[in-house]
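Each chain is listed here by its residues.
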Amino acid sequence: MRSVALRAGANLAGFRAALRALMAEGVPPAEVVWQEEGAPADLHARPLVPHPEAPAVPLPRAAVDLIATVVMHRAPERYARLHDLCWRLTHGEAALLDDPSDPLVHRLGAMAREIRREIHKMHAFVRFRRVEEAGLERYVAWFEPEHFILEAAAPFFRDRFRALDWTILTPVGSVRWNGESLAFGPPATRDEAPAGDPVEAAWTGYYAATFNPARVNPARMRQEMPRRYWRDLPEAATIPGLIAEAPARAREMIEKEAEMPRKRDPARAVAAMAEQRPASLAELNAIIARSDPFVEGGTRAVLGEGPDHAAIAFVGEQPGDQEDSQGRPFVGPAGQLLDRALAEAGIGRAACYLTNAVKHFKFRQTGKRRLHQTPTAGEVRHYRWWLETELDLVAPRLTVALGATAALALAGRAVPVTKNRGPWRFGDRPGYLTVHPSYLLRLPDAEAKAREYARFVEDLRAARALAA
Amino acid sequence: MDDRLATKLRILADAAKYDASCASSGAPKRRAGPGGLGSTSNGICHSYTPDGRCVSLLKILMTNYCLFDCAYCVNRRSSNTPRARFTVEEVIAVTLDFYKRNYIEGLFLSSGIARSPDRTMEDMLRIARGLRRDHGFAGYIHLKTIPEASPWLIEQAGLWADRLSVNLELPSAASLGRLAPEKSAAAIEGAMAQTRARIAEAREERRRFAPAGQSTQVIVGADVATDTELLTTSDRLYREHRLARVYYSAFSPIPEPSSALPPEAPPLGRENRLYQADWLLRSYGFTLAEIAAATEGGMLDLGIDPKLAWALRHRERFPVDVNRARRSELLRVPGLGIRVVDRILAARRHGALRLADLARLTRNSRRPLPFIVTPDHRAPGLDRLDLRARLTAKPRQLELF
Numbered sequence: 001m002r003s004v005a006l007r008a009g010a011n012l013a014g015f016r017a018a019l020r021a022l023m024a025e026g027v028p029p030a031e032v033v034w035q036e037e038g039a040p041a042d043l044h045a046r047p048l049v050p051h052p053e054a055p056a057v058p059l060p061r062a063a064v065d066l067i068a069t070v071v072m073h074r075a076p077e078r079y080a081r082l083h084d085l086c087w088r089l090t091h092g093e094a095a096l097l098d099d100p101s102d103p104l105v106h107r108l109g110a111m112a113r114e115i116r117r118e119i120h121k122m123h124a125f126v127r128f129r130r131v132e133e134a135g136l137e138r139y140v141a142w143f144e145p146e147h148f149i150l151e152a153a154a155p156f157f158r159d160r161f162r163a164l165d166w167t168i169l170t171p172v173g174s175v176r177w178n179g180e181s182l183a184f185g186p187p188a189t190r191d192e193a194p195a196g197d198p199v200e201a202a203w204t205g206y207y208a209a210t211f212n213p214a215r216v217n218p219a220r221m222r223q224e225m226p227r228r229y230w231r232d233l234p235e236a237a238t239i240p241g242l243i244a245e246a247p248a249r250a251r252e253m254i255e256k257e258a259e260m261p262r263k264r265d266p267a268r269a270v271a272a273m274a275e276q277r278p279a280s281l282a283e284l285n286a287i288i289a290r291s292d293p294f295v296e297g298g299t300r301a302v303l304g305e306g307p308d309h310a311a312i313a314f315v316g317e318q319p320g321d322q323e324d325s326q327g328r329p330f331v332g333p334a335g336q337l338l339d340r341a342l343a344e345a346g347i348g349r350a351a352c353y354l355t356n357a358v359k360h361f362k363f364r365q366t367g368k369r370r371l372h373q374t375p376t377a378g379e380v381r382h383y384r385w386w387l388e389t390e391l392d393l394v395a396p397r398l399t400v401a402l403g404a405t406a407a408l409a410l411a412g413r414a415v416p417v418t419k420n421r422g423p424w425r426f427g428d429r430p431g432y433l434t435v436h437p438s439y440l441l442r443l444p445d446a447e448a449k450a451r452e453y454a455r456f457v458e459d460l461r462a463a464r465a466l467a468a
Numbered sequence: 001m002d003d004r005l006a007t008k009l010r011i012l013a014d015a016a017k018y019d020a021s022c023a024s025s026g027a028p029k030r031r032a033g034p035g036g037l038g039s040t041s042n043g044i045c046h047s048y049t050p051d052g053r054c055v056s057l058l059k060i061l062m063t064n065y066c067l068f069d070c071a072y073c074v075n076r077r078s079s080n081t082p083r084a085r086f087t088v089e090e091v092i093a094v095t096l097d098f099y100k101r102n103y104i105e106g107l108f109l110s111s112g113i114a115r116s117p118d119r120t121m122e123d124m125l126r127i128a129r130g131l132r133r134d135h136g137f138a139g140y141i142h143l144k145t146i147p148e149a150s151p152w153l154i155e156q157a158g159l160w161a162d163r164l165s166v167n168l169e170l171p172s173a174a175s176l177g178r179l180a181p182e183k184s185a186a187a188i189e190g191a192m193a194q195t196r197a198r199i200a201e202a203r204e205e206r207r208r209f210a211p212a213g214q215s216t217q218v219i220v221g222a223d224v225a226t227d228t229e230l231l232t233t234s235d236r237l238y239r240e241h242r243l244a245r246v247y248y249s250a251f252s253p254i255p256e257p258s259s260a261l262p263p264e265a266p267p268l269g270r271e272n273r274l275y276q277a278d279w280l281l282r283s284y285g286f287t288l289a290e291i292a293a294a295t296e297g298g299m300l301d302l303g304i305d306p307k308l309a310w311a312l313r314h315r316e317r318f319p320v321d322v323n324r325a326r327r328s329e330l331l332r333v334p335g336l337g338i339r340v341v342d343r344i345l346a347a348r349r350h351g352a353l354r355l356a357d358l359a360r361l362t363r364n365s366r367r368p369l370p371f372i373v374t375p376d377h378r379a380p381g382l383d384r385l386d387l388r389a390r391l392t393a394k395p396r397q398l399e400l401f
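Residue numbers (UniProt numbering), protein chains in the order written: chain A, 1 to 468; chain B, 1 to 401.
Note that these hints are calculated values from the structure, not bench results. Quick caveat: nothing in here was measured; it's all calculated off a predicted structure. Don't be surprised by glycine CBs; every beta carbon is placed ideally from N, CA and C. Careful, some of the hints might be misleading.
[Stated by the list, open to error] Lysine to aspartate or glutamate pairs mimicking EDC-like chemistry, simulated, CA-CA at most 16 angstroms apart: (1) A:Lys419 to A:Asp459; (2) B:Lys29 to A:Asp321; (3) A:Lys256 to B:Asp383; (4) A:Lys368 to A:Glu305; (5) A:Lys419 to A:Glu452; (6) A:Lys256 to B:Glu256; (7) B:Lys17 to B:Glu256.
[To be verified] Simulated DEER-style distance windows between Cβ atoms: (8) A:Arg249 to B:Val224: 22 to 30 angstroms; (9) B:Gly285 to A:Pro444: 37 to 45 angstroms; (10) B:Val373 to A:Pro103: 20 to 28 angstroms; (11) A:Pro444 to B:Glu205: 26 to 34 angstroms; (12) B:Glu329 to A:Ala62: 27 to 35 angstroms; (13) A:Ala286 to B:Ala173: 32 to 40 angstroms; (14) A:Ala286 to B:Ala260: 35 to 43 angstroms.
With the sequences and hints as input, model every part of the structure.
Pasting the structure below:
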């Protein structure tokens with residue numbers, strides 16, 4: 001017989017070293033006594049001498065994970081069971097873990113589940129209390145875990161409460177997060193933790209208020225929140241009272257006769273509620289201006305511009321770099337080109353309404369430049385209600401879609417522009433479909449540019465005729 | 001926290017408790033950035049109330065003043081219940097105070113409709129945005145959207161919330177017309193369709209918009225709808241609006257009742273059976289017709305679960321051989337859930353399973369016995385007419401003599 005003494009707690013490193021030595025010597029599980037360090041030695045067993053050179057034991061990934069979990073268990077038998085597992089895995093039963101009906105696999109699986117559950121419950125039931133020290137706030141909790149899970153449970157609190165200075169004290173160790181790293185410390189006692197927190201009364205009140213006395217079911221509550229946790233849950237103090245009063249409160253609810261309302265029927269308020277659509281462009285624009293962009297980038301909303309009841313409304317894609325800086329639509333290079341074409345077609349810009357399908361500049365920052373990004377179909381839809389409401393208020397005789405994004409926004413589906421150029425109906429709105437002026441700017445050779453520009457001016461003339 | 005705020009909190013938590021939804025799962029994995037607060041989990045219940053329900057989110061109404069007059073709702077305008085209203089800043093402060101002490105996973109905010117649907121929804125939006133943008137809050141946020149609010153508010157809400165929901169409340173337009181005269185089924189489903197479309201587009205484009213999806217709640221027992229009708233509605237909602245969950249909330253007697261309501265609550269078991277049937281539809285390959293055929297006049301059997309009810313009527317499909325049956329056949333055995341079935345499939349590759357093996361794979365190994373075959377067990381009494389009674393008989397405690 002051999003004996004192995006391991007330091008108390010979840011001793012993964014100690015178990016690994018002992019396992020390597022035992023495997024190197026070929027000692028079967030039946031010949032090992034596992035003990036806690038400091039316990040009286042077993043006289044019939046020879047203590048295991050560490051083998052620093054003993055080779056690593058090759059195990060399947062799932063077994064390594066299982067070992068790392070089960071060493072946290074409180075049961076003293078855990079090391080013997082794990083040794084048994086490793087022995088069988090390396091002596092002809094390599095696929096042992098795939099058989100959940102094997103008694104050993106079943107038992108270790110159950111132990112691992114208990115560990116995972118306890119970690120989960122610790123994440124749920126730790127209650128921090130705020131303390132103020134020298135003007136700085138700290139959050140301190142006392143918790144009594146059933147297994148050795150403090151180190152496994154701590155990263156959750158780090159990831160969640162990164163901005164806070166917090167400490168969890170337990171009878172088997174403590175941990176503190178100072179904003180940079182987790183520091184594990186010695187065991188603590190309950191009286192080292194703060195005795196209360198002013199917010200607890202509000203929390204307890206909230207807890208009591210969410211309970212529905214018509215549906216009392218304490219067994220189900222205890223199944224998920226066993227009594228052993230209650231001592232450190234401030235809300236648990238109210239449980240006996242809530243259960244005791246429940247039948248009377250439920251009876252009262254059932255027996256209570258329907259009563260006439262004591263206040264008058266707010267008929268006018270109810271009627272006013274129906275009229276909440278923005279009544280003017282100014283109201284709509286205020287909403288758009290205070291809302292958040294649906295696209296990446298966009299520093300401010302660039303609103304439509306032009307008189308109410310303009311004969312023609314032009315809808316572009318989205319504001320560009322210049323428009324975003326100045327806060328006005330169609331003032332950049334494409335806007336200037338549009339101005340020129342409008343003048344040639346005999347349309348005064350001041351008489352038209354100009355706006356964009358997307359109200360914010362979507363861009364990607366590369367160095368000092370802000371690179372235009374085409375909005376996706378989904379992003380265009382986020383803006384649709386605003387655009388539709390805007391056009392309802394302006395009520396133009398003709399709505400001109402400049403380019404594919406405007407066509408998508410107005411039609412509610414993708415409409416290829418080059419194939420459908422010309423008059424078009426956007427739902428109930430008479431419309432016209434043409435290219436965006438930025439398309440003309442992007443054409444590479446001068447000849448194509450001149451030809452396409454002429455076609456664009458022709459489109460504008462046709463639109464003018466339709467809107468007349 | 002001062003007393004006035006604590007009183008408001010009690011009133012507005014009390015007013016919100018009739019909503020069944022509490023899930024905080026489904027959000028993408030997030031953790032606090034440097035100097036930030038909050039992370040998401042697979043759904044942690046931080047406490048349980050004596051009704052056995054999970055407390056995961058701070059579930060409150062922004063206000064319980066309401067212009068609507070829905071008979072099943074304690075906050076309807078004709079009810080004499082005490083009223084309160086939170087400011088935007090108060091909700092943010094309470095949420096952060098509770099979150100920092102590890103009481104909650106996040107906020108589930110709903111509201112009565114005060115002033116107008118748009119102004120109410122916009123205040124809810126300011127709360128969600130304030131938490132996220134001004135406080136770096138990365139915890140869970142569920143907003144109950146108001147279907148009567150303008151569509152742009154739903155568009156904006158999805159930018160900040162993990163989950164959006166709209167309560168369907170009643171399974172048919174007729175019941176809605178009678179019990180909630182100001183609500184319109186078309187407005188509710190319109191909001192659901194809009195939310196569904198935006199979620200789908202955002203997923204396709206890898207953008208963030210209500211990433212945990214949308215859910216709804218139906219009240220059970222306030223009208224005459226049968227279980228089959230309820231499940232038909234849910235089935236349609238799952239398909240048409242891709243809802244993450246449909247919650248069934250047994251109509252519960254409320255303080256300040258309305259005379260349009262039944263005076264008694266339906267048995268709580270009904271809600272439970274509906275959830276079980278809902279699972280069978282979503283995860284066990286059952287069709288609506290199969291579940292409907294296992295009901296009595298459209299009502300699920302309250303004494304036994306819907307899978308057992310189906311099995312008792314389809315005994316020709318049993319017994320099932322645990323060592324040979326396909327996954328879909330095993331899933332139909334009463335007492336075998338998805339996880340147990342998957343464990344059986346893994347274990348039987350290593351040799352024939354006997355009853356003792358099965359006992360290690362399932363928590364309650366007696367329930368499937370009448371319907372299965374193993375080398376050492378042959379479903380006894382599957383033809384017995386009193387099988388249902390034998391399966392439901394409660395063990396009687398012996399008298400001490």
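Hints the structure fails to honour
2, 3, 4, 9
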